[in-house]
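Produce the complete structure using the sequences and hints provided.
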Amino acid sequence: MSRGSSREPPVVGNRTVAQLVAAARGGERRATARLLTLVEQGGQLADEVAGATHQLIDNAHVVGVTGPPGAGKSTLTAALTTLLADRGRRPAVLAVDPSSPLTGGAILGDRVRMVEATAAGVFIRSMATRGHAGGLALAVPGMVRVLDAAGFDPVVVETVGVGQVEVDVAAAADTVLVVVTPGMGDAVQANKAGLLEVADLFAVNKSDQPNAADARRDLELMLDLSELTGHRRAGVPERPAIVTTVATTGGGVEELAGAVDDHLEVLRSSGSLAVRRQDRRGAEVRSRLDHLLLEASAAAVALASVDGSADGESPGATAKRLADHLLGGPDHKR
Amino acid sequence: MMSGDSPIRVVLAKLGLDGHDRGLKVVARILRDAGMEVIYLGLRQTTETIVDAVEQEDADVVGISMLNAGHLTLGPRIVDALADAGLDVPVVIGGIVPDEDRQALADAGIAGVLGPGAPAEEVVAGIRDAVATHGR
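Chains as they are written, first to last, in the numbering used here: chain A, 1 to 334; chain B, 1 to 136.
Quick caveat, the hints were computed from the structure, so don't treat them as lab data.
C-beta atoms are modelled at their ideal positions from N, C-alpha and C, and glycine is treated no differently.
A portion of the hints provided could be inaccurate.
As the list claims (entries may be wrong) - Short derived list, chain B residues pointing at chain A, Cβ under 10 angstroms:
#1 29
#2 31
#3 34
Rendered as structure tokens:
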């Protein structure tokens, strides 16, 4: 949000947001980390960071990594980004783990499997969902923007396990990599709608296990079926590639890196990249608007129950009246 | 500098070849249940991996578990490495620390020591106090 020039810009530590952004773009990791914190905490400083970074982006390839719990997302993300760092790229990882719904606390354990990546210079940031439904925290798009503006490329977003996550990550990434494993046929089946609709690329990880070929065949079959029905996510230019990997040994990781790059190239050459990024902005606006409406709705309900205006009214009637009020009904002011 | 309603972010690690991480896992769970975000590094960390994690995670506090009597050497080394990296973050040591070593650790800049068998409330208070008195 823009601010009046008469006011002093807010200071973080001893630096303004603009100074932090300049330092982050100059390669100072501490400044990048602090900007990520500001975005994650939300509020006025987060708006300030968003304002300072939103014109500096779209240089990074944003890759979402999702899949069932235990498929090896962290290990594969670490192996992939380590390889890219060794090739001279500047990868960053945003690793999302769930917050406890009861206490709001979280154990963020992805770094345990990312020691080599840290040593290779990969920037890794762990984050908790902080109560945001849908598997990605509300702050993810803003944090991706900070990493993009700071010159990291690619920016890899690793989600929590399956659920509605796939849809969220699809709205946040250029390329969605879905990680599955042999022997998880049921998990894949159970989620195939979500997985098939959003995957740009599949990794069959732990493919040193005996039934890896079966897992691959199952995926191919599902892709055949979706070709048959002609269903394809908007902006998806081609049938998703399937790569077999063994993340713990690095097997297949070079091929995976190639497939990730190839997908970006296909997006570029087909014009889908711009469409997807436009969609991403729309999705973020939508998600932030949802958040604001939810807050307003909770506040209105709390107020109505305190002031007694809902007494003797049916719940539906109260909701309707509050909606009229919130969305600009009879006594709407702005 | 953290705003009031943001969870405390704490990095938990063990240094070097000390392979006893059961205590650290219990502490991680205690802190999670107290509403903190625990960035768990686990076993066999080095001063470099801890400094990298604190920097990238913008952590509020570091907890190091030491059961191998290395605290007088390694504790101050972590404090110095963080300071050298320009990171102003309190360090709390958990584990077996004889009473007579506590003053030396405090003098070296260690913000707190949690002994074996410390009840959950004491662990949580120890971390909270370290963050609060560090004056970020």
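Under the criterion of a CB-CB separation shorter than 10 angstroms, is residue 34 of chain B in contact with chain A as hinted? Since chain A brings a Cβ to about 6 angstroms from residue 34 of chain B, closer than 10 angstroms, the hint holds.
Interface hint status, residue 31 of chain B versus chain A (Cβ within 10 angstroms): Result: holds, 7 angstroms to nearest chain A Cβ.
With chain A as the partner, please determine if residue 29 of chain B meets the hint condition of a C-beta pair closer than 10 angstroms. Because about 7 angstroms separates residue 29 of chain B from the closest Cβ in chain A, which is inside the 10 angstroms limit, the hint holds.
Hint compliance for this structure: every hint is met.
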